[in-house]
Each structure stands twice: as C-alpha cells, then as structure tokens.
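*Asks:* One-letter residues, chain by chain:
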Amino acid sequence: MATQLRPRPSVRDEAHADPPPEKTRGGLLSRLDKSGSPYLFIAPFFLLFAVFGLYPLGYTAWVSLHDWQMGGKGDFVGLDNYADLFDDPDFWNATVNTLGMLVLATLPQLLLALVIANLLNQKLRHMTLLRLGILLPIVTSVAAVGIVFSQIFDRDAGMVNGLLDLMGIDPVDWRADKWSSWLAISVMVDWRWTGYNALIYLAAMQSIPRELYEAADLDGASRRRQLWSITVPMIRPAVIFTVISSTIHGLQLFTEPLIFGQGGDAITGGSLRQFQTMSMFMFEKAFKNFDYGYGSAVAWMIFLIILLLTVVNYLLVRRMK
Amino acid sequence: MRKSSSPLVYVTLLAAIALSAFPLYWLFVVASRSNDVVGDWPPPLVPGGNLFDNMNRLFEAENAHFLKGMVNSAIASLTITVSVVFFSTLAGFAFAKLRFRGKNFLLIAILGTMMVPVQMGIIPLYMIMVEFGWTNQLQAVIVPFLVSAFGVFLMRQYAERAVPDELIEAARVDGCSTFRIYWTVVLPALRPGAGVLALFTFMGAWNEFLWPLAVLEQDNPTVQFALNQLSTGYYTDYTLMFSGALVATLPLLVVFVISGRQIIGGIMEGAVKA
Chain D
1 MATQLRPRPS VRDEAHADPP PEKTRGGLLS RLDKSGSPYL FIAPFFLLFA
51 VFGLYPLGYT AWVSLHDWQM GGKGDFVGLD NYADLFDDPD FWNATVNTLG
101 MLVLATLPQL LLALVIANLL NQKLRHMTLL RLGILLPIVT SVAAVGIVFS
151 QIFDRDAGMV NGLLDLMGID PVDWRADKWS SWLAISVMVD WRWTGYNALI
201 YLAAMQSIPR ELYEAADLDG ASRRRQLWSI TVPMIRPAVI FTVISSTIHG
251 LQLFTEPLIF GQGGDAITGG SLRQFQTMSM FMFEKAFKNF DYGYGSAVAW
301 MIFLIILLLT VVNYLLVRRM K
Chain W
322 MRKSSSPLVY VTLLAAIALS AFPLYWLFVV ASRSNDVVGD WPPPLVPGGN
372 LFDNMNRLFE AENAHFLKGM VNSAIASLTI TVSVVFFSTL AGFAFAKLRF
422 RGKNFLLIAI LGTMMVPVQM GIIPLYMIMV EFGWTNQLQA VIVPFLVSAF
472 GVFLMRQYAE RAVPDELIEA ARVDGCSTFR IYWTVVLPAL RPGAGVLALF
522 TFMGAWNEFL WPLAVLEQDN PTVQFALNQL STGYYTDYTL MFSGALVATL
572 PLLVVFVISG RQIIGGIMEG AVKA
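Taken in sequence, the protein lines are chains D and W.
Each residue of the first sequence is one higher than the one before, counting from 1 in this note's numbering.
Each residue of the second sequence is one higher than the one before, counting from 322 in this note's numbering.
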C-alpha cells in the first residue's frame, strides 16, 4: 500500500501570507471546536456500538437468566438454563463437533499456509500473480463455497467419491457420519483461508534478516531445519495472530455446515446432529424453537469458550520456541 | 527474501494455485451445464451452453427471490461500506491527531471491543428489531453494521503515519474548523488505507449470513439468504444452486480483479482481517 500524500501548497502559502486569524475571530468558537470536535468525531462509533454491539451482548446474559420464550419474558430462573444446558447431550455434541472441526480445519490450514509462504518467500517471477492466485478463495462468498463443496462431496454425484472409486475405495456417504462430515466441512474452511494466512506469514517472513539464513547455510543446516529453527520463531507474532483469529472464527462456524446440511432440517446438522456446531445449536434454540432464554445461555457459553481458548492459545503460542 | 528457486518450487506453487482456482472454475462449469450430466463420471470439465437457461431459471425461481436478494445486498453492502469508512476515518483521525481527555482509555475500549464476537448478541438484537418494527426490513441488516471497531483502529494506525502534524497545524492557522481539516487535509491523505478498509468492509457485508437468516424472511432476502433458500429445496438442483453461487460471487470477483494488488497490500501490511 503506497502512502501517497498530496501536499497542499495552497494551504501552506496562505498560512505564510496571512497572520493567524484565530485571535481576530474571537477564541470562543474556535476553542469550542477544538475541545468538542474530538468527542463529536468518536461519538458515532461509541453510540452505535453501544446500542447494537455491547448492549445486546450484555443483555444476552440477562435473558439467559429467565424463562424467556417468543411470547415474552417469563420467570426469573437464575442459572437453571445453564444447568439444563450442562445436562443437554445435544449441547455437548455440538461442542465436540465444533472443537473437532476447529482442530481439523485450523491445524492443516496453518501448516499448509506456512509451507506456501516459505515457498513464496524467495525471488520468483510473476510474484504478484502467484499471490493473487493463492488468495483467490477468499473472494468466494461463503455460501457459494458451501454449495460447491457440498456437490464435490456429494455421495452420488460428487467428484471426491469418483476419485476414491478410481483408487478402488468404496464411496463415502460424507454427510452420514461424524468424521466424514467434519472432514468435508473442514476442507471448505481450509480451502477458503489457507492463502490468506500464507500471505500474513509471508509478510512476517520478509522482515527476517537474510544474514540469519546465510549463517545457517554456512553451518550446513537443512532448509527444513531453517524453517523450524529460524523462520517460525521469528514470525511468532503472525502465528499468534492467525491461531487466535482462526480459533475465534472456528468457534463461530455456521455457514459452511448449514449449507452442507441442505434440506429443511439443515440447522440440526444432519439427522443425528453429526455436524451441528454450537452456533447452529444456538440458532436452532432461539430462532426455530423460539426459546430465547435457553438460546442466550448457549450464546454466553460460546462467548466464554471463545475467551478461554483465546487466552489458552495465546499462552501456548507465546511459550512456543 | 531468499535466493534461488528450483522448478520444483514453481510446480508446487502452481499446484496450490490450481487447487485454489479449481472450485471457482467448477462453479462456472456446473452453472453452464444441465442437471443430467453433473453427476457423470468422468465429470464434465469444460463449460457447456446452458448458462443463460440456468440464469433465467435462477431469476425466476419462486422461493428464492434472487434478484431482490442481489439488489438488497448491493444496497446494504454499499451503505455499510460508505458509513464504516466515514466513521472510521473520522474517529481514527481524532484518536491519532487530536488531543482530548480520556483518549487513551477510549482507545483501549475500542481495542477491547474488537475482540468481542458481536454475533453472540443476536438474540437481544433480534428483540430490538422487533421493538423497532424492523424485522424483515432491509435496515435491520444495515444499521447494526454501520460502525466497526476494527475500522477505527486501522484508520488510527494509518493516520498516525500518513498525516503530518504540520499539515494540520497549517490548516488550523488558516482558520479551518476541525471538520474542515478532516475533509480537506486528512481524508485525502488517508485515501489508500481507507480504500483497503472499504474493500474488506464490502466483502464482509456481502458475505454476512447468520444475521440476515435470523431477521429477514424469504420474500425480502439478501443474496446469501437467497442462496441458502436455493439449497433447501425438495430435490437438489445443482445447476440452479451453482448459477446462484456464481452470480453471488461475481461482484466479489470483480472487486478482486480491479483491486487485488491493494487487497494483498492490505493483508501484508498486517492491517486487515477478513
């Protein structure tokens, strides 16, 4: 991104020509402008964010403490919704599904991104074109990704099963089981985000001083060794960023599994809830069963899990050497 | 930057790019075919001649209201983009260049809100919309997204570097009001950064899925909502769904082709989250 600044000579020239008009205009308006404007400029953000961001999130906690259906607020029930939640096998199922897909989607994605970034981090021809090609998936709209991969993983018409057949492997009913549906959905996430993460790593790699690698070459360290002993530790802030943002994304996974589900009961993530995520579970409770109290309890649990995992991630990656 | 690259590097990278591009290409192939050949083996790997037939079916599909979805999404995404860029540059300028009490505290508050998964507040947000009478109205998917903590932070970082203090001082001496300084001096200087923010805001708004699904109805959808509608029919009409997915992706592809370099620049400056 080029930082192009347009000098405005006219403004400066006039400034030199005239004496400061501030005094002559009487300071009051000007002082009011100086002290008031900053608040005026930041007020829209804080107002809108308070009303449509912070307030709903806080109010979710209040709703979760009530028996609250579509018809309106019922009794205050304390932590009953949470107690029910802890006894609800469907909630734990959704939690396990979400975490399973989080791992399946994040680990290969970041490792692949690292490999690709490492390949891109050398003198190459058509550098911009290569980067654009790698980044292409990010512009595909998420629902479109869901549709394309749902077809590719179709039991009867899908090309993955066609390829498996060529290798003499029986076709897989990808939607039917936990592991297979997790895999298919994780592939969608991987496909969409790998290139983006690769570019973030690449940017970090480009600021590593070349002398480090030259010294390692002299010591006879292999390329792979250099990757793990020099590159990865040097780009740690980028790794922290990608791990945390993929985790936050992954814990809110919704669109891909919903589209993958197809049909009217897609929100349950398959007939046996084999790929229902926590966000889908919340949506089902709140907008299909219209149980706002229970849905809000789910939302707060997701929120707490996001907080917890973000902290854990941060500590883990920070200690990584 | 490291030296020396073997052919193997190019081959590997080209393979990765092929994998990146293939689903998009496949999107086009299926959208231009008829349903009876989509499941064939080996699969049809070149486009066919049914693209316009499928498009016709798409825009006439009864339950999807696809055209309305496209128009709605265009209005919503553009409004959100203009608003986010305006408020972010305004607040970013204030945080970077103006002096006021409580600045540091408020900046930290913004940093904190960046971490908050706002999506988790949709149940009360829905209640607010019911209260306002905004359910199934387009403004329900616009107003909650008019500002962005991330945008403010990004523009603050950018303004620190891109707007020299002397320029602001000179304008002040000239008797410019603070807003006039923003409009004539700061905004032009922020243009490259604001452009990247605009691109990513537009893409994010175009892709919004969960909230429209909660607050809108079938007859007044966004494009992503309409896409979902196509995939919940009684039988799976893949060419129809793919045509929809193609049309829904097209605006983003156009943005990418026109400003791919800036997008890459934005990501590599560490500035962008998608």
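Hints should not be assumed to be uniformly reliable.
Unchecked claim - Now the in silico label distances, taken between C-beta atoms and shown as ranges:
hint	chain 1	residue 1	chain 2	residue 2	range
1	D	F86	W	S580	42 to 52 Å
2	W	L432	D	A61	20 to 30 Å
3	D	R319	W	V358	47 to 57 Å
4	D	T128	W	E452	44 to 54 Å
5	W	D361	D	D170	37 to 47 Å
6	D	L107	W	L432	22 to 32 Å
7	W	W362	D	A83	29 to 39 Å
8	D	T128	W	F407	22 to 32 Å
9	W	P509	D	L164	55 to 65 Å
Claimed, not checked - If you only want the chain W side, here are some residues facing chain D, beta carbon under 10 Å, derived:
hint	residue
10	L345
11	P364
12	V367
13	V403
14	F407
15	L411
16	M441
17	P445
18	F500
19	Y503
20	L531
21	S552
22	T553
23	Y559
24	L567
25	R582
As the list claims (entries may be wrong) - Heads up, simulated DSSO-like pairs for lysine-lysine below, C-alpha to C-alpha not over 27 Å straight-line:
hint	chain 1	residue 1	chain 2	residue 2
26	W	K424	D	K34
27	D	K288	W	K424
28	D	K288	D	K123
Calculated from the structure, these hints are not laboratory results.
Keep in mind the model is a prediction, meaning the values are calculated, not measured.
Idealized CB from N, CA, C, for every residue including glycine.
*Asks:* All the hints need checking, so say for each whether the structure fits it.
*Replies:* Now for the hints, and whether the structure bears them out:
Between F86 (chain D) and S580 (chain W) the beta carbons are some 49 Å apart, a value that agrees with the proposed interval 42 to 52 Å. Between L432 (chain W) and A61 (chain D) the beta carbon distance is about 22 Å. The supplied range of 20 to 30 Å therefore holds. Between R319 (chain D) and V358 (chain W), the C-beta spacing of about 54 Å keeps the proposed range 47 to 57 Å intact. Our hint of 44 to 54 Å for T128 (chain D) and E452 (chain W) holds, since their Cβ atoms are close to 50 Å apart.
Between D361 (chain W) and D170 (chain D) the Cβ separation comes to about 20 Å, which falls outside the hinted range of 37 to 47 Å. A hinted range of 22 to 32 Å holds for the C-beta pair L107 (chain D) and L432 (chain W), which are about 28 Å apart. Our hint of 29 to 39 Å for W362 (chain W) and A83 (chain D) is violated, since their Cβ atoms are close to 52 Å apart. About 30 Å separates the C-beta atoms of T128 (chain D) and F407 (chain W), a value consistent with the hinted range of 22 to 32 Å.
The hinted range of 55 to 65 Å is satisfied by P509 (chain W) and L164 (chain D), whose Cβ atoms lie roughly 57 Å apart. Against a cut-off of 10 Å between C-beta atoms, the interface hint on L345 (chain W) holds, since the closest Cβ of chain D lies about 6 Å away. Taking 10 Å as the C-beta contact cut-off toward chain D, the hint placing P364 (chain W) at the interface holds, the least distance being around 5 Å. The interface hint given for V367 (chain W) is broken, as the beta carbon of that residue sits about 15 Å from the closest beta carbon of chain D, more than 10 Å.
With 10 Å as the threshold, the beta carbon of V403 (chain W) stays out of range of chain D, its nearest partner Cβ sitting at about 13 Å, so the hint is violated. The closest approach between the C-beta of F407 (chain W) and any C-beta of chain D is roughly 9 Å, which is under the 10 Å cut-off, so the hint is satisfied. Satisfaction of the interface hint for L411 (chain W) is found here, the shortest Cβ-Cβ separation to chain D being roughly 5 Å, below the 10 Å cut-off. This hint holds: M441 (chain W) has a C-beta 4 Å from the nearest C-beta of chain D, less than the 10 Å allowed.
Interface restraint check: P445 (chain W) against chain D, minimum CB-CB distance 4 Å, threshold 10 Å, status holds. A least Cβ separation of about 7 Å between F500 (chain W) and chain D falls short of the 10 Å threshold, and the interface hint therefore holds. Satisfaction of the interface hint for Y503 (chain W) is found here, the shortest Cβ-Cβ separation to chain D being roughly 7 Å, below the 10 Å cut-off. Contact between L531 (chain W) and chain D, as hinted, is supported at the beta carbon level, the nearest pair being about 5 Å apart and thus within 10 Å.
The criterion of a C-beta within 10 Å of any C-beta in chain D is met by S552 (chain W), whose closest approach is roughly 5 Å, and the hint holds. The beta carbon of T553 (chain W) is positioned within 10 Å of a beta carbon in chain D (closest approach about 6 Å), and the interface hint is therefore held. With its C-beta approaching chain D no nearer than about 5 Å, Y559 (chain W) sits inside the 10 Å limit, and its interface hint holds. Annotation: interface hint on L567 (chain W) holds; nearest CB of chain D at approximately 8 Å, less than 10 Å.
At its closest, the beta carbon of R582 (chain W) sits 6 Å from a beta carbon of chain D; the interface hint therefore holds under the 10 Å criterion. A threshold of 27 Å between alpha carbons decides the hint, and for K424 (chain W) with K34 (chain D) the separation of about 14 Å falls inside it, so the pair holds. A C-alpha spacing of about 44 Å is found between K288 (chain D) and K424 (chain W), which places the hinted pair above 27 Å, so the restraint is violated. Among the hinted pairs, K288 (chain D) with K123 (chain D) is inconsistent with the structure: their alpha-carbon atoms are about 54 Å apart, more than 27 Å.
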